[in-house]
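Chains as they are written, first to last, in the numbering used here: chain G, 1 to 365; chain X, 1 to 365; chain C, 1 to 365; chain F, 1 to 365.
It is worth saying that the hints were derived from the structure and are not from the lab.
Every residue, glycine too, gets a C-beta built ideally from N, C-alpha and C.
Certain hints may be false.
[Stated by the list, open to error] Here are some of the chain X residues that sit facing chain F, going by a computed Cβ distance under 7 Å:
1. 3
2. 10
3. 16
4. 19
5. 25
6. 73
7. 76
8. 81
9. 115
10. 118
11. 124
12. 310
13. 312
There are 4 protein chains.
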Amino acid sequence: MPNSFGTLFRITTWGESHGAAVGVVIDGCPPRLPLSEGDIQGDLDRRKPGQSDITSPRKEKDKVEILSGVFEGRTTGAPVSMLVRNSDARPGAYDEMREKFRPSHADFTYQAKYGIRDHRGGGRSSARETVGRVAAGAVARKILALAGPVEIRAYVTRIHDIGIPPGHGEPFPSVAEVDMTPVRCPDPATAAAMIRRIEEVRAKGDSVGGVIRCRVRGLPAGLGEPVFDRLEADLAKAMLSLPATKGFEIGSGFAGTLLKGSEHNDPYVPKEGRIGTATNRSGGIQGGISNGEEVFFNVAFKPTATIMIAQATVDNEGRPAELTGRGRHDPCVLPRAVPIVEAMTALVLVDHWMRNSAQNKAFKF
Amino acid sequence: MPNSFGTLFRITTWGESHGAAVGVVIDGCPPRLPLSEGDIQGDLDRRKPGQSDITSPRKEKDKVEILSGVFEGRTTGAPVSMLVRNSDARPGAYDEMREKFRPSHADFTYQAKYGIRDHRGGGRSSARETVGRVAAGAVARKILALAGPVEIRAYVTRIHDIGIPPGHGEPFPSVAEVDMTPVRCPDPATAAAMIRRIEEVRAKGDSVGGVIRCRVRGLPAGLGEPVFDRLEADLAKAMLSLPATKGFEIGSGFAGTLLKGSEHNDPYVPKEGRIGTATNRSGGIQGGISNGEEVFFNVAFKPTATIMIAQATVDNEGRPAELTGRGRHDPCVLPRAVPIVEAMTALVLVDHWMRNSAQNKAFKF
Amino acid sequence: MPNSFGTLFRITTWGESHGAAVGVVIDGCPPRLPLSEGDIQGDLDRRKPGQSDITSPRKEKDKVEILSGVFEGRTTGAPVSMLVRNSDARPGAYDEMREKFRPSHADFTYQAKYGIRDHRGGGRSSARETVGRVAAGAVARKILALAGPVEIRAYVTRIHDIGIPPGHGEPFPSVAEVDMTPVRCPDPATAAAMIRRIEEVRAKGDSVGGVIRCRVRGLPAGLGEPVFDRLEADLAKAMLSLPATKGFEIGSGFAGTLLKGSEHNDPYVPKEGRIGTATNRSGGIQGGISNGEEVFFNVAFKPTATIMIAQATVDNEGRPAELTGRGRHDPCVLPRAVPIVEAMTALVLVDHWMRNSAQNKAFKF
Amino acid sequence: MPNSFGTLFRITTWGESHGAAVGVVIDGCPPRLPLSEGDIQGDLDRRKPGQSDITSPRKEKDKVEILSGVFEGRTTGAPVSMLVRNSDARPGAYDEMREKFRPSHADFTYQAKYGIRDHRGGGRSSARETVGRVAAGAVARKILALAGPVEIRAYVTRIHDIGIPPGHGEPFPSVAEVDMTPVRCPDPATAAAMIRRIEEVRAKGDSVGGVIRCRVRGLPAGLGEPVFDRLEADLAKAMLSLPATKGFEIGSGFAGTLLKGSEHNDPYVPKEGRIGTATNRSGGIQGGISNGEEVFFNVAFKPTATIMIAQATVDNEGRPAELTGRGRHDPCVLPRAVPIVEAMTALVLVDHWMRNSAQNKAFKF
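The whole structure should be built from the sequences, with the hints applied where relevant.
Written out as structure tokens, the structure reads:
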């Protein structure tokens, strides 16, 4: 169903930008996992607005409440329902959007599809919906941390045309290194330039996009369910299900198409007592199944659609109109999207881990 | 489940490269659709090996048999089961693969996951599995042709580093224009250069990849099911579920991240009696829902993993070994992937069309 | 997933007997449906404890809060999240259950399955979980009332050995007739005897079960999705998913097996401008699809497992122990189960209505 | 989807009574299971027509062909596709059914739903569709036999009004004891009376129904996924998805409603080193989860709708008409339904076994 994601570790998110609350239900959470609000709040804090000068000034505490599925500090196998109240909703700021369609937003398409729309801050199409994803993703990350440990690290590699040099071969950064600057690029010089660029476009009421890289290490071989639920296929869906995303590439990606097979193939080699590959253009996945190497992929985010510059559009009746962005928005969504990308990745991985277990551990032949 | 795709128009494919047959079951095919083998064979013929000098010489007639779900020339609402017998299987050609893992193939990961593998031609991981997808896709395409008409056209825009110039702004080509050359690039000069490149690398036992573009016109506004089953998310999953794909981008894609919001946004304009957009960097989808403009996206395919050059690898026990490609393979998969991309696109669109109908046409409020 | 029900109109319930709250998310609710808390509260009031002398004295206001999916009095197509806070939880009353397994309750099986259990009032296995079902069912009932109108009426036909005489051929009762007595049997004399029986067994600390009949009129022909999702199959699953149910029969049911084919078959006849049947042993469903006649079925509920009489059992370590029921319980669950049976029926019907629409209304051939 | 059953061990059946073939695809079959056609043929032979004088004389060899998913005698984790060709189809025998609706068959409802019907032998609504279920069920039974061993035994307990005495407390019969007579009732005296009754009604062109009991022993505690996918709920759905079924009851069933709680509860007792119950009115399931005791349930089958006696009906235009049964049919479906009930039971159990494994074995906390 449209607001559920996952097969065995399945989340259902709900809530609108300016409604009473946003939330998520996890169905299929394994029992006996130690879990409290403290495990979740940290990821929500990385996602919440108002963190820095380069993000939306909306003030939300985003305090999560676990309503079910946990008993005496451990999950019980029952659904885990989590809720975050909206506190700084200002629906009045959106009155003009009741009549006019914001360019490159979902106002028009929601109206066309449903015949009705909650125009306040985009309603369901707002990125505020991702609060539920991040809360559930925090549970998934805890599971992976205990299981592997599997580490998932996303960070910004490019803002507009400012990026980590290609072939940079950057090391796997720590969370602290990623969070050292508000733009969440672990390369300090690049980060400084990115921040300047964001401040420049914001000063003009404009916006920028960029690229987030996500890397996973510690993943065992065997995750992924061909032929349709390939691991990279589910990751691609997860990423393209996020607001503002326009592209996904795994391993060598689009650039890999410029290589010949003899240059692109990853030779197998003995590696620390297991079978590994000498190079990793496959991005840790072959035939839709993880091979034990690092999984990595890039996600393209478009420039924020809301800009503080007058734009041509039409009103509800299709008559030409002009609209200037209002409300509180990020001039660049990428810094806050980093924990969201990590959350979706964690959700995919836990789900595939459970699916693999079901098919391979239920019976011994 | 791993071998099923779609929610309401749901296909399940089965079969291995060198097994008895490959096939597909469509569950949820609307009743009363005129359908015969003739509707399907054309798409299978575009996919089959041996079409030209630049594809695999394997000889398969790929004659499809409809086994159920059709009565007196129309679908009945019951499952449509279709089967294609494998006739030119040569499993003996793969004996060496029983012992050694082919680099950047799925041999190792299938073994790691399932503890067993059908090594003959890749077994289930072979692109031969896509026969079922194309057969089902042909049914979906017929539905769309009758419904819209909705036209889906994929074609090759780049092979290795030879591509249609960026910003080419190419017109929507006809099937005849796409199929004019065996490489399925509708630009004749570019196609000629592409063919030469493929012949060059094949002569050296090597392989190349590239990019396929897919375009859809005639699609109504309203298809797509946020927040997770966004239209582009399901298209991304569909494409990344194909063998050899490494990337997906919708609309402006990765290049769009180099624009500012003021450059990237698509202004709404009155258009032929409906609301349209003046530009189309959104790729026909906003907020996960089609907006009535052309939908278009690019898919990256890596160079074919099988090459006729000696490569380093390991054997089943992890000992270093050398392997030279055998069997019959395409030096470049893209020409034959064109109908497969179209098939997957059609499957996504019919499924979303039905989902949209369920939510919006079942009841009148 | 285990806590979700339905394919297109899909609900996910969450919450435990003595947790913070119980609730439900509806994913796939059609847009533009007029909806407010007032539409839901009535059904919750029919389900809540403390309604009469023959039900549990637990005091719960069961006030529902709609948290999402409704804008300016109409559904938007986004998920409808509803929450009911638990106010009269008295977990201390269950301390003994932490150590001992209550006979014919789910304590032991939850412990065996999950390795952990929320022992307070049965935790997730408590019938309190059905609050979410009834809230979602109220939405489904409103849809059906507007669509058909389709009327769903459940009532108690037997308590212990006191029942409406077989072959009673009772008319379709109104809600007022059903609710005239607290036992929800529309036959006043039978109801009076039932109430006396419940009071007798309660006085002895014992409990009784019985049978609920559910009838649906106004349903069009065509609902049901063979071969597995037959309408009666999904109704059976819905009913057997309720706590305390032991049996389901549709139409002639078990008694129908005593007839010969010549006695059992329902002849087709012209009927009010449509094709109907002269008799209705089929219970309004043939081949898994509704035929336009009244749909009716019976559901068996066992006697309440909690009794105020000392019983033999074992403790967590398997040692023999004795246990006497505590907490607040119904000596007979059937009166309060009536709205729950109606809710589940409504959920099945709306879901099948949407599925039928998807397959038959999406395209015209 | 309507023609798929199961969550992780998922089958999709296809095929019509008088089409080219019937078949099934299993998606999610665990890898490395030893499997050949020989494992499946035995169950198909128990289901096939023409076994004895009291079943349909249709001649079908029902030889199964495994088309995929098995390599060198073991499953690979890929879909297992199985096909049975129809050989004794006589569609001409059904010409009258093209114009008239057979009473209590699915002709009318299929026409009403789909606007088209394959009238030949009931098309998709024919019990011939269960060939695929039995083939897949044989795979599931083999898995259970290796895993537990878990034994599933169904048999006929009543035909018309002739049944094993209530409270018979019959022992768990062997397959040989069940198959000793063609009616598949393990009590020889009762079986003889049943056969006479079937012969009597058949001589008059009439038909009878009855009750099948199914029992499962060796099942571990812990199978079942509350709150909706309770084990008994999925068994109920499985049984009511079979042609001709009208009722399902688990454990004490409808008769259990005549007991008081103090009589009905199953006391826990130490039992062979585990926790068991002294009685088993629960039918081996509590709170939707197996408790390690024998699981047993009853299924009601109506008398065969096809009778060789003239019946009133209407034609396609709703005009009164008369119809006399033709084609080859069973005067009583129960003997051949025994292996079908076992197959569906096995499918439910393997699926739940895998689901339980996914939630409980994937991670260790």
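Taking the hints in turn, this is what the structure says about them:
| no. | hint | verdict |
| --- | --- | --- |
| 1 | 3 | holds (5 Å) |
| 2 | 10 | holds (5 Å) |
| 3 | 16 | holds (6 Å) |
| 4 | 19 | holds (5 Å) |
| 5 | 25 | holds (5 Å) |
| 6 | 73 | violated (10 Å) |
| 7 | 76 | holds (5 Å) |
| 8 | 81 | holds (4 Å) |
| 9 | 115 | holds (6 Å) |
| 10 | 118 | holds (4 Å) |
| 11 | 124 | holds (4 Å) |
| 12 | 310 | violated (28 Å) |
| 13 | 312 | violated (27 Å) |
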